[in-house]
Amino acid sequence: MIDIEKEAARIAERGECAPRLARDPVNLPMIRNWLEAIGDEHPGYTEVAPPAMVQVWTMAGLHGQRTLDDPLGAMMTVLDEAGYTSVVATNSDQTYHRYLEVGEQLSVTTSLEDVTGPKRTGLGEGWFVTTRSTWWVGDEAVAEMRFRVLKFRPAQKLAPEPEVHQAPQAIRPSVNRDTQYFWDGCNQGELRIQRCGGCGLLRHPPGPMCPECGATKPTYLVSEGYGVIYSYVVHHHPQVPGKQTPFVIALVELDEGVRMLGEFDGEPGVGQRVEVVFTKVDDDLTMPSWRPRADR
Amino acid sequence: MNAAIVGIGATDFSKDSGRSELQLAAEAVKAALEDAGLTPSDVDGLVSFTMDTNAEIAVARELGIPELTFFSRVHYGGGAACATVQQAAMAVETGAAKVVVCYRAFNERSGHRFGQVQTAAAANIDNSWSYPVGLGTPAAMVAMFARRYMHEYGATSEDFGRIAVIDRKHAATNPNAWFHNRPITLDDHQASRWIAEPLRLLDCCQESDGGVALVVTTAERARDLPNKPAHVKAATQGSGTDQFTMTSYYRDDLTGLPEMGVVARGLWERSGIGPSDVDVAVLYDHFTPFVLVQLEELGFCGRGEAKDFIRTGALELDGSLPLNPHGGQLGEAYLHGMNGIAEGVRQVRGTAVNQVENVNHVLVTAGTGVPTSGLVLGQG
Numbered sequence: 001m002i003d004i005e006k007e008a009a010r011i012a013e014r015g016e017c018a019p020r021l022a023r024d025p026v027n028l029p030m031i032r033n034w035l036e037a038i039g040d041e042h043p044g045y046t047e048v049a050p051p052a053m054v055q056v057w058t059m060a061g062l063h064g065q066r067t068l069d070d071p072l073g074a075m076m077t078v079l080d081e082a083g084y085t086s087v088v089a090t091n092s093d094q095t096y097h098r099y100l101e102v103g104e105q106l107s108v109t110t111s112l113e114d115v116t117g118p119k120r121t122g123l124g125e126g127w128f129v130t131t132r133s134t135w136w137v138g139d140e141a142v143a144e145m146r147f148r149v150l151k152f153r154p155a156q157k158l159a160p161e162p163e164v165h166q167a168p169q170a171i172r173p174s175v176n177r178d179t180q181y182f183w184d185g186c187n188q189g190e191l192r193i194q195r196c197g198g199c200g201l202l203r204h205p206p207g208p209m210c211p212e213c214g215a216t217k218p219t220y221l222v223s224e225g226y227g228v229i230y231s232y233v234v235h236h237h238p239q240v241p242g243k244q245t246p247f248v249i250a251l252v253e254l255d256e257g258v259r260m261l262g263e264f265d266g267e268p269g270v271g272q273r274v275e276v277v278f279t280k281v282d283d284d285l286t287m288p289s290w291r292p293r294a295d296r
Numbered sequence: 001m002n003a004a005i006v007g008i009g010a011t012d013f014s015k016d017s018g019r020s021e022l023q024l025a026a027e028a029v030k031a032a033l034e035d036a037g038l039t040p041s042d043v044d045g046l047v048s049f050t051m052d053t054n055a056e057i058a059v060a061r062e063l064g065i066p067e068l069t070f071f072s073r074v075h076y077g078g079g080a081a082c083a084t085v086q087q088a089a090m091a092v093e094t095g096a097a098k099v100v101v102c103y104r105a106f107n108e109r110s111g112h113r114f115g116q117v118q119t120a121a122a123a124n125i126d127n128s129w130s131y132p133v134g135l136g137t138p139a140a141m142v143a144m145f146a147r148r149y150m151h152e153y154g155a156t157s158e159d160f161g162r163i164a165v166i167d168r169k170h171a172a173t174n175p176n177a178w179f180h181n182r183p184i185t186l187d188d189h190q191a192s193r194w195i196a197e198p199l200r201l202l203d204c205c206q207e208s209d210g211g212v213a214l215v216v217t218t219a220e221r222a223r224d225l226p227n228k229p230a231h232v233k234a235a236t237q238g239s240g241t242d243q244f245t246m247t248s249y250y251r252d253d254l255t256g257l258p259e260m261g262v263v264a265r266g267l268w269e270r271s272g273i274g275p276s277d278v279d280v281a282v283l284y285d286h287f288t289p290f291v292l293v294q295l296e297e298l299g300f301c302g303r304g305e306a307k308d309f310i311r312t313g314a315l316e317l318d319g320s321l322p323l324n325p326h327g328g329q330l331g332e333a334y335l336h337g338m339n340g341i342a343e344g345v346r347q348v349r350g351t352a353v354n355q356v357e358n359v360n361h362v363l364v365t366a367g368t369g370v371p372t373s374g375l376v377l378g379q380g
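Line by line, the protein sequences are chains P and Z. Mapping to the working numbering: the first sequence position 218 is 218, numbers consecutive. Mapping to the working numbering: the second sequence position 83 is 83, numbers consecutive.
Treat the hints loosely; a few may be bogus.
[As the list claims (entries may be wrong)] EDC-like mimics (lysine to aspartate or glutamate), calculated; alpha carbons at most 20 Å apart, straight line:
(1) Z:Lys169 <-> P:Asp114
(2) P:Lys243 <-> Z:Glu197
(3) Z:Lys307 <-> Z:Glu93
(4) P:Lys6 <-> P:Asp114
[Unchecked claim] Partial list, derived from the structure: chain Z residues whose beta carbon lies under 7 Å from chain P:
(5) Phe114
(6) Gln116
(7) Thr119
(8) Ala122
(9) Pro132
(10) Leu135
(11) Ala143
(12) Met144
(13) Ile195
(14) Thr245
(15) Tyr249
Keep in mind the hints are simulated off the structure, nothing from the lab. Every value quoted in this text rests on a predicted model; they were computed, and no experiment measured them. Just so you know, even glycine gets a beta-carbon here, dropped at the ideal spot from N, CA and C.
Just need the whole structure built from these sequences, with the hints factored in.
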């Protein structure tokens, strides 16, 4: 579970992001476009910009990306990950200290002011995120804005989800004549390692012809199911079908000498002793996975 | 080899091209031919990646290339990049074709994104050992190597981050780079979120839309063309023992890229040069840890020493081994390594935006973690 309030406090603690420069100085062509779009026919905006346009000057453009230290972006990411994937702007309060003159170069800084929730709203359960931005010309603060959005979980998804160990869309292995024995073993609670019927070579992943002796009569032995973590990954992004992030995948070196991948339930470390556990996905598929080896 | 890259072309690099992949391919090939001073009717060979959706015949139709005597595709994702030039060079050397264009074009950000989990890929038997357990993205597959590398050699996330910082620094002064004017610091890298621990967001290359094309012909023909040719001094592919695609986890150790070692041996042997003769290195950088491993496999430093080598400043533009002066795939764009070959050509010509002084030899590598390829480009 993501601790939203803790994440919010962490982002708020960073304070203001680095000043982000406007792409262009305050300019007449953009003022004209904006007046036309808004439908404002006031003739006075030839030397100064309409105050309500302030946010326009520092917009990042059609393909813009948020800067890394942008607190709103960071908070959105946290809420996205917590399942509050939809967004609606709720209110924006702007204060203008003076008119902006054509030719002035603006920059903007933003900090995270407040995150409150979870709140029940007509749209669904969500969090209100408030940021505070200041526009600058040099060292002079020329305008400010308090901006609030609601990040919410769409209402139709509020119904409790069925308790399943892995979601039904989990990725399934493809199985062929060379690998059938392995998956059959998992279904029967056996971790099987291919053993060459000619020279006895143990091999995983398996194949039809022994690279050592050339024999094409593979058999298998049943592993004791113990090994050590050789390497591991903690997967955070993107979402993986059938998994809840973050989760750990460990490459385990079995005591018999071969390596095998599987999900690991626990705090991982290279060299950690593990044992196999079989996780039933459905009637046709059981996956081997790992857990810390119980002391004995 | 008796072959040279005589033309380079590219589309804009974006996140949403707004046009079909075939149009991107056609635009890139057209631009490369114009750069080479050739016309579509001069072309009789086309090479691309098996992953490319643009068939050779479709590209030929769009450009009005009348007849083809050589067409070929190379496997294994980004590992194909330098091998397309090898195919082209072998074709012009043997007379199978006179002028061959290599191309790669995709909407890799706005269309099919490689960074997402490719559920369908589990249909491949090899992938059935990884995808169903949840290991289903390139970042996660590289992260498994990276964790073991850190464990064995004491490398840290910051050591990986230094590669991202260098690439972004170089991209910052390249107007064609997506991250033009957007350098990062090591602190930015360390503050970026986990994607697949130990990889952070800024260890991962971007996803891009775009196309790149390269025109290859014989050294003799190159003499009559307008641009200074980038001669193909050596080109080779490489696959190692017990090779898998992205998941070669079952070898004796996980700290190397033996397939890149195969490429290295081939390049040094065939070009007659060694690591100390390389003036610019364009190393495939989809994920930062494999840049460290490549430095070791290619012989620029010893095993486990890449982290120290990087700290000497060697990879800066004025260092002993300038790395990815265009910004690499972390900084310029992810075009499956083909934009790196174009940068190699510019460095040989002396026309790069971040031009290194007195370039005689450029090393270019292709995709890592997969069967791969490499090139040495140089002056005549």
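Right, here's what the structure says about each hint:
With a C-alpha separation of about 35 Å, the suggested pairing of Z:Lys169 with P:Asp114 is violated against the 20 Å cut-off. For the hint linking P:Lys243 to Z:Glu197, the alpha-carbon distance of about 16 Å falls within 20 Å, and the restraint holds. Taken as a hint, the Z:Lys307 and Z:Glu93 pair is broken in the structure, with Cα atoms around 40 Å apart against an allowance of 20 Å. A C-alpha spacing of about 12 Å is found between P:Lys6 and P:Asp114, which places the hinted pair at or below 20 Å, so the restraint holds.
At a threshold of 7 Å, the smallest CB-CB gap from Z:Phe114 to chain P is about 11 Å, leaving the interface hint violated. Annotation: Z:Gln116 was flagged as interfacial toward chain P, and the flag holds, the nearest CB pair being 6 Å apart, inside 7 Å. Annotation: interface hint on Z:Thr119 holds; nearest CB of chain P at approximately 5 Å, less than 7 Å. For the restraint placing Z:Ala122 at the interface with chain P, the shortest Cβ-Cβ distance is roughly 5 Å, inside the 7 Å limit, so the hint holds.
For Z:Pro132, the interface hint holds, the least distance from its beta-carbon to any beta-carbon of chain P being 5 Å, beneath 7 Å. A cut of 7 Å between beta carbons decides the hint on Z:Leu135: the least distance to chain P is about 5 Å, and the hint holds. Here the hint on Z:Ala143 is kept, as its CB sits about 4 Å from the closest CB of chain P, short of 7 Å. The beta carbon of Z:Met144 is positioned within 7 Å of a beta carbon in chain P (closest approach about 5 Å), and the interface hint is therefore held.
With a cut of 7 Å, the hint placing Z:Ile195 at the interface with chain P holds, because the nearest CB-to-CB distance is about 5 Å. Annotation: Z:Thr245 was flagged as interfacial toward chain P, and the flag is violated, the nearest CB pair being 12 Å apart, outside 7 Å. Look at Z:Tyr249: its Cβ gets to within about 5 Å of chain P, closer than 7 Å, so that hint holds up.
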